[in-house]
Amino acid sequence: MANAAEILVDTLIAWNVEVVFGLPGDGINGVMEALRTRQDKIAFVQVRHEESAAFMACAYAKWTGKLGVCLATSGPGGTHLLTGLYDAKLDQAPVLAITGMQFHDLIETFTQQDVDLTRVFNDVSVYNAHVSDAAHMENVASLACRTALARKGVAHLSIASDVQEQEGDPSKRSQRNRPAHTPQQMFVGHSMPLDAELDEAAAILNNASRVTILAGRGAIGATAELDHTARLLRAPVAKALLGKAVLPDDHPHTTGGIGILGTLASQEAMETCDAVLIVGSTFPYIEYYPKPGQARGVQIDCDAQRIGLRFPVEAGLVGDAAETLRALNQRLTQKPSGEFLQRSQETMRKWREMMRQSEDAQAQPLKPQTIARAFGQRLAGDTVLATDSGQNTELAARHVDLRSGQAFGVSGSLASMACGLAYAIAAGIAFPGRPIAAIVGDGGFAMQLGEFSTAVRYKIPLKILVIKNNMLNQIAWEQMMFLGNPQFGCELQPIDFAKAAEAMGGSGFRIERADQIETVLDEAFTTEGPVVIEALVDAYEPLMPPKMPSDYAKNFRQALPQTPGHERIEENIAREPAKSMMDA
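Sequential numbering from 0 applies to the sequence shown in numbering that gives the first Met the number 0.
Some clues are possibly wrong.
Capping the alpha-carbon separation at 25 Å, the derived lysine-lysine pairs in DSS-like fashion look like this [what the hints assert, rightly or not]:
1. Lys546 x Lys290
2. Lys578 x Lys349
3. Lys349 x Lys546
4. Lys151 x Lys171
5. Lys498 x Lys546
6. Lys290 x Lys553
7. Lys334 x Lys290
Please keep in mind that the hints were generated in silico from the structure rather than gathered at the bench.
Turn these sequences into a full structure, and let the hints guide you.
Pasting the structure below:
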């Protein structure tokens, strides 16, 4: 007879789970043994920290649309998962977390690692169960998988270590718990808006003269439909960061990103439109949407709860983005004038010139924009690109132009540091044979540096650019701009990341000057296996919004005199395009 752990792993296999990310421990030994004996059907990827296991499960779910699974032992092993699981919760990624517990009859007796993980995981989970025995496991394991996928969130199963090895004795099954009464499959329907709702949305968009589209990750599978919508409406398309790959960055309708990491063209399109169509996005920064009363709103989202979350839309269309756009497009009329789009395209042309100006290849110290641009241009057409949270996110958003066929991922609503390397490793596991790249900062990379050895172990073809300024630069600028406080506590002790990469069995390269970029990148991109490219860049390069709000400018000027290195910062903001962005 199969024991509880074997029932669990067999259930995962039945649900087409191909990989589990985790770290062994005595509280989860039974599940580890079940995985060992089923290696031909399901893979176990060993990480160096449970937080990375959860990040990888989240990223795997995002990259593939499948269920991501992570595994941790009792107590601290389980609590380490939380950050990555909150990433899944906030970005609506289906993830199953499996954790061990102490012996079932010692729980809540102050024994070692006695943490009630079901209580701990209650907020992060859409399904959360403590498994009582093998017969119970048969039911809850399947339900956990189904709930995570159906509700696009985190399911959690907590299993006492001795229960994992308990066999499924039919004589101990309750009389109502019949065997195999739970199907091992997902039933998925397609929600579509009513005809009247589509008609109302079309009327709003047809009657508007200046429509702007905001596209997010929910539109990733609707590229062709979104392209058709944009052409019918002659609309600029601003992209939330998670939607960076929705349309290629050279698409004639896209105005790039939006928000503090976005473009001037996207911001001005939002400020001057008379209607906005939001597709698969709940971009959180409300101040970058049109002002209430300025524009009429239409929103498409598969989750009714998300309709109207950021902007007072008049027409909410609940359904799959591609199917809903196809139905909406049949009701849209071709806009006769493209003047609004042309203005956005002209602003975008000027913005690109400003970005090229900032990528000054002659500047010394090396500008982070320069190396980010050169790195992005080297990426193959099917590259999967991940980034971390920090100034490196801005560099990837603005200075790496994604092309059709490339993919992009990051911790979105949680915006957690230390996600970039884990996301990249998950991409390598999900897509064997595809080139994998990441842009990270020295702050976030250092948090999970040991995970680079995981990339080495699993032979991930990873090229990782580390923006090294020995500074938590985004935080420093937030201290100055948001509150008017001098930068404090953001300097980092330098780490030689190239040597660290070599110490872990990978390859490491260093770039300190612009004239080294091409030579070093040539060598790095032809080196097999995981590669770290450490770029030592100007720590005083500003992180600028496309338009500096007046309160930000005032706060910044107040904070600057007492900020270490303010003379260097002043030199940088006196140069173009920073000067024009400060004065915008």
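Hint check:
This hinted pair checks out: Lys546 and Lys290 have alpha carbons roughly 16 Å apart, not beyond 25 Å. Taken as a hint, the Lys578 and Lys349 pair is honoured in the structure, with Cα atoms around 15 Å apart against an allowance of 25 Å. Simply put, Lys349 and Lys546 have alpha-carbon atoms about 14 Å apart, close enough for the 25 Å limit, and the pair holds. At roughly 34 Å between alpha-carbon atoms, Lys151 and Lys171 are farther apart than 25 Å, so this suggested pair is violated.
Between the alpha carbons of Lys498 and Lys546 the distance comes to roughly 40 Å, so the proposed pair goes past 25 Å and is violated. A distance of roughly 23 Å separates the Cα atoms of Lys290 and Lys553; the hinted pair therefore holds under the 25 Å criterion. About 24 Å separates the Cα atoms of Lys334 and Lys290, which keeps this hinted pair within 25 Å; it holds.
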